[in-house]
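Q: Taken in sequence, the protein lines are chains A and B. Residue numbering for the first sequence follows this note's numbering, starting at 299 and increasing by one per position. Residue numbering for the second sequence follows this note's numbering, starting at 378 and increasing by one per position.
Some hints could be false.
Lysine-lysine pairs mimicking DSS-like chemistry, simulated, CA-CA at most 25 angstroms apart [stated by the list, open to error]:
1) 349(A) - 516(B)
2) 349(A) - 425(B)
3) 527(B) - 451(A)
4) 688(A) - 645(A)
5) 488(B) - 668(A)
6) 490(B) - 537(B)
7) 354(A) - 462(B)
8) 451(A) - 490(B)
9) 668(A) - 503(B)
10) 527(B) - 490(B)
11) 325(A) - 536(B)
12) 451(A) - 524(A)
13) 536(B) - 367(A)
14) 345(A) - 424(B)
15) 379(B) - 451(A)
16) 451(A) - 536(B)
17) 636(A) - 463(A)
18) 516(B) - 688(A)
19) 345(A) - 527(B)
20) 325(A) - 527(B)
21) 536(B) - 688(A)
22) 313(A) - 425(B)
23) 516(B) - 527(B)
24) 562(A) - 581(A)
25) 503(B) - 490(B)
26) 536(B) - 345(A)
27) 527(B) - 488(B)
28) 405(A) - 313(A)
29) 325(A) - 427(B)
These are computed hints drawn from the structure, not numbers from a lab.
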Amino acid sequence: MMTLAEKILAAHSGKKKVIAGEFINCKVDLVMANDVTAPIAINEFRKLGVKVFNPKKIVFVPDHFTPNKDINSAEQVKMIREFARETGVGFFEMGRVGIEHVLLPDKGIVLPGDVVIGADSHTCTYGAIGAFSTGMGSTDIGSAMATGDIWMKVPHTIKFVFRGKLNKWVSGKDLILYTIGQIGVDGALYASMEFAGEAIENLSMSGRFTIANMAIEAGAKAGLFKVDKKTLEYLAPRAKRKFKVYEPDADAEYSQIFEWDASKIEPMVAFPHLPSNTKPISKVGEVRIDQSVIGSCTNGRLEDLQIAAKIFKGKKVHPEVRCIILPGTQEIYLEAMKLGLVETFVKAGAVFSTPTCGPCLGGHMGILAKGERAISTTNRNFVGRMGSPKSEVYLANPAIAAASAIAGRIISPEDL
Amino acid sequence: MKLKGQVHKYGANVDTDVIIPARYLNVSDPLELAKHCMEDIDAQFVKKMKPGDIIVADTNFGCGSSREHAPLSIKSAGVSCVIAKTFARIFFRNAINIGLPLLECVECVEKTKNGDTLEVDLAAGKILNLSTGLVFTAKPYPDFMSELIKAGGLINYTKKRLA
Numbered sequence: 299m300m301t302l303a304e305k306i307l308a309a310h311s312g313k314k315k316v317i318a319g320e321f322i323n324c325k326v327d328l329v330m331a332n333d334v335t336a337p338i339a340i341n342e343f344r345k346l347g348v349k350v351f352n353p354k355k356i357v358f359v360p361d362h363f364t365p366n367k368d369i370n371s372a373e374q375v376k377m378i379r380e381f382a383r384e385t386g387v388g389f390f391e392m393g394r395v396g397i398e399h400v401l402l403p404d405k406g407i408v409l410p411g412d413v414v415i416g417a418d419s420h421t422c423t424y425g426a427i428g429a430f431s432t433g434m435g436s437t438d439i440g441s442a443m444a445t446g447d448i449w450m451k452v453p454h455t456i457k458f459v460f461r462g463k464l465n466k467w468v469s470g471k472d473l474i475l476y477t478i479g480q481i482g483v484d485g486a487l488y489a490s491m492e493f494a495g496e497a498i499e500n501l502s503m504s505g506r507f508t509i510a511n512m513a514i515e516a517g518a519k520a521g522l523f524k525v526d527k528k529t530l531e532y533l534a535p536r537a538k539r540k541f542k543v544y545e546p547d548a549d550a551e552y553s554q555i556f557e558w559d560a561s562k563i564e565p566m567v568a569f570p571h572l573p574s575n576t577k578p579i580s581k582v583g584e585v586r587i588d589q590s591v592i593g594s595c596t597n598g599r600l601e602d603l604q605i606a607a608k609i610f611k612g613k614k615v616h617p618e619v620r621c622i623i624l625p626g627t628q629e630i631y632l633e634a635m636k637l638g639l640v641e642t643f644v645k646a647g648a649v650f651s652t653p654t655c656g657p658c659l660g661g662h663m664g665i666l667a668k669g670e671r672a673i674s675t676t677n678r679n680f681v682g683r684m685g686s687p688k689s690e691v692y693l694a695n696p697a698i699a700a701a702s703a704i705a706g707r708i709i710s711p712e713d714l
Numbered sequence: 378m379k380l381k382g383q384v385h386k387y388g389a390n391v392d393t394d395v396i397i398p399a400r401y402l403n404v405s406d407p408l409e410l411a412k413h414c415m416e417d418i419d420a421q422f423v424k425k426m427k428p429g430d431i432i433v434a435d436t437n438f439g440c441g442s443s444r445e446h447a448p449l450s451i452k453s454a455g456v457s458c459v460i461a462k463t464f465a466r467i468f469f470r471n472a473i474n475i476g477l478p479l480l481e482c483v484e485c486v487e488k489t490k491n492g493d494t495l496e497v498d499l500a501a502g503k504i505l506n507l508s509t510g511l512v513f514t515a516k517p518y519p520d521f522m523s524e525l526i527k528a529g530g531l532i533n534y535t536k537k538r539l540a
């Protein structure tokens with residue numbers, strides 16, 4: 299029978315059953331784009347000469363270069379803002395905007411059982427709450443803005459089972475880096491990844507968002523989790539409309555099943571220039587850093603900042619290191635202030651920014667020069683990702699990134 | 378339609394950040410994007426390539442970001458098609474949607490060298506290496522994708538649906 303992805307896609311394409319590989323036309327519950335991708339989507343949409351299918355189901359989140367870093371990015375957001383005013387679609391203005399994949403679930407805009415398409419590859423993040431969400435390009439988004447549906451090839455599903463309990467300092471980030479290290483950056487190409495097992499059940503929502511977020515780094519179309527008590531607790535203060543919870547069938551067909559003992563997994567570090575180039579922290583050796591970035595759609599949630607603050611408490615960022623901390627949303631910013639985390643960061647000598655994708659994609663707010671090296675809680679370490687094509691990015695969890703900022707080299711908090 | 382051009386060959390996992398770095402994403406004008414095509418993997422690409430030239434790459438071409446700017450920059454730089462062992466899925470969709478021809482062919486990638494000249498018959502999925510005389514057949518598109526390509530990309534396809 300059907301996997302979680304197949305269940306949601308069948309329900310959205312008016313079919314009793316869908317089969318992996320089948321082409322379907324799928325209704326969408328939310329269509330999303332950001333300041334980089336929306337301008338092209340709007341231009342393509344205008345070629346169709348029709349009205350938007352439903353302004354309540356379209357939202358623009360200008361988060362990549364926010365606050366606008368230069369004239370060109372200001373022009374891009376201006377064009378999106380004007381389109382939003384004209385059509386009534388959702389638009390998050392600066393001061394209210396957050397990083398799209400933290401913001402939309404936190405606002406209750408995405409709910410379980412939804413099909414969401416976004417012109418941003420990390421749209422797969424919402425799989426953490428049992429939504430089928432996937433990244434597409436601007437033209438797909440422009441077309442869906444008109445029709446409210448999109449063509450899809452039903453992905454096959456690979457199941458990942460994590461048995462056992464997590465070690466200290468091991469988080470969702472380490473499970474997904476471990477997974478990508480095992481299967482490679484195209485190990486789940488065109489697939490839906492489904493995560494299960496004791497370690498996943500015990501994982502916080504933050505950790506689940508981090509895992510789902512990086513499904514794309516294994517080439518996947520989506521990364522899905524079953525809805526459980528933790529999901530419902532997360533949703534209770536947020537959901538303002540009804541939603542449907544789908545469960546995978548017990549006899550669902552998986553193209554592959556991986557089972558790992560989570561208690562054997564250490565904090566992981568992905569070396570340049572691929573997220574699959576992973577090593578456990580004990581095997582990292584001497585890697586000096588110039589910058590540490592904590593935040594992004596991968597690790598910019600309150601729990602991530604709390605973990606970092608615990609390590610920074612009473613300590614100082616290494617004199618030769620710049621540390622940049624970016625909360626995912628204005629609400630997380632506020633919470634971080636109330637809890638005293640911001641004070642801890644600033645006293646430690648870190649920069650605390652308003653929400654932005656900024657340095658993650660080499661946009662602004664902490665670009666690397668030639669020969670510089672950063673540890674980052676973000677999702678990609680491709681050549682030139684954070685600046686100069688001659689710079690390097692190492693990916694890790696917030697605890698490792700915080701400890702490394704203090705030590706000046708990549709290190710576990712245990713060894714501080 | 379027959380395409381003909383010289384091969385620029387790359388390895389596996391050519392990501393969209395090296396195809397068009399984010400520092401150029403504050404514009405969406407295809408001709409502006411074309412100036413920086415492949416800049417972070419091959420800084421001389423735009424200078425040395427000629428209209429019609431063909432990119433040949435290993436597995437997972439176009440992985441990473443969903444930026445349509447990547448296939449747009451390749452197309453507007455004048456590249457006639459991309460041949461790879463496999464493509465990342467978002468890049469694949471984007472290229473089909475905007476009308477940049479892609480061909481999947483493991484054998485062609487393995488037996489084609491940088492600088493070879495290829496002639497591609499898109500409709501037949503045939504690739505002829507004029508430098509070696511070898512002929513390859515690309516993986517055929519599923520019916521639905523062929524329909525999209527025939528319509529001239531997604532916007533034209535949607536126009537017909539809405540008409």
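Q: Would you check the hint for residue 349(A) and residue 516(B), treating anything up to 25 angstroms between C-alpha atoms as holding?
A: Distance of about 38 angstroms is beyond 25 angstroms: violated.
Q: Check whether the Cα positions of residue 488(B) and residue 668(A) lie no farther apart than 25 angstroms.
A: violated (36 angstroms)
Q: What's the verdict on residue 451(A) and residue 536(B), does the C-alpha distance respect the 25 angstroms limit or exceed it?
A: Holds - the C-alpha atoms of residue 536(B) and residue 451(A) are around 21 angstroms apart, at most 25 angstroms.
Q: Taking 25 angstroms as the top limit, are the C-alpha atoms of residue 536(B) and residue 367(A) close enough?
A: Between residue 536(B) and residue 367(A) the Cα gap is close to 36 angstroms, so the pair fails against 25 angstroms, i.e. violated.
Q: Taken at face value, is the distance from the CA of residue 313(A) to the CA of residue 405(A) at most 25 angstroms?
A: Violated - the C-alpha atoms of residue 313(A) and residue 405(A) are around 30 angstroms apart, more than 25 angstroms.
Q: Are residue 516(B) and residue 688(A) close enough, with their CA atoms no more than 25 angstroms apart?
A: violated (36 angstroms)
Q: Would the pair residue 562(A) and residue 581(A) pass a check requiring their Cα atoms to be no farther apart than 25 angstroms?
A: Given that 25 angstroms is the threshold and the Cα spacing comes to 14 angstroms, the pair holds.
Q: Given the hinted pair residue 503(B) and residue 490(B), is their Cα-Cα distance within 25 angstroms?
A: holds (17 angstroms)
Q: Taking 25 angstroms as the top limit, are the C-alpha atoms of residue 325(A) and residue 427(B) close enough?
A: violated (42 angstroms)
Q: For residue 345(A) and residue 527(B), compute the direct alpha-carbon distance and say whether it is at most 25 angstroms.
A: With Cα atoms ~18 angstroms apart, residue 345(A) and residue 527(B) stay inside 25 angstroms; holds.
Q: Going straight from one Cα to the other, do residue 688(A) and residue 645(A) come out at no more than 25 angstroms?
A: The hint is violated at about 32 angstroms.
Q: Quickly compare the C-alpha distance for residue 536(B) and residue 688(A) to 25 angstroms and report which way the hint goes.
A: Not satisfied, since the Cα-Cα distance of roughly 45 angstroms exceeds 25 angstroms.
This entry does not satisfy hints 1, 2, 4, 5, 6, 7, 8, 9, 10, 13, 14, 15, 17, 18, 21, 22, 27, 28, 29, going by the numbered hints stated previously.
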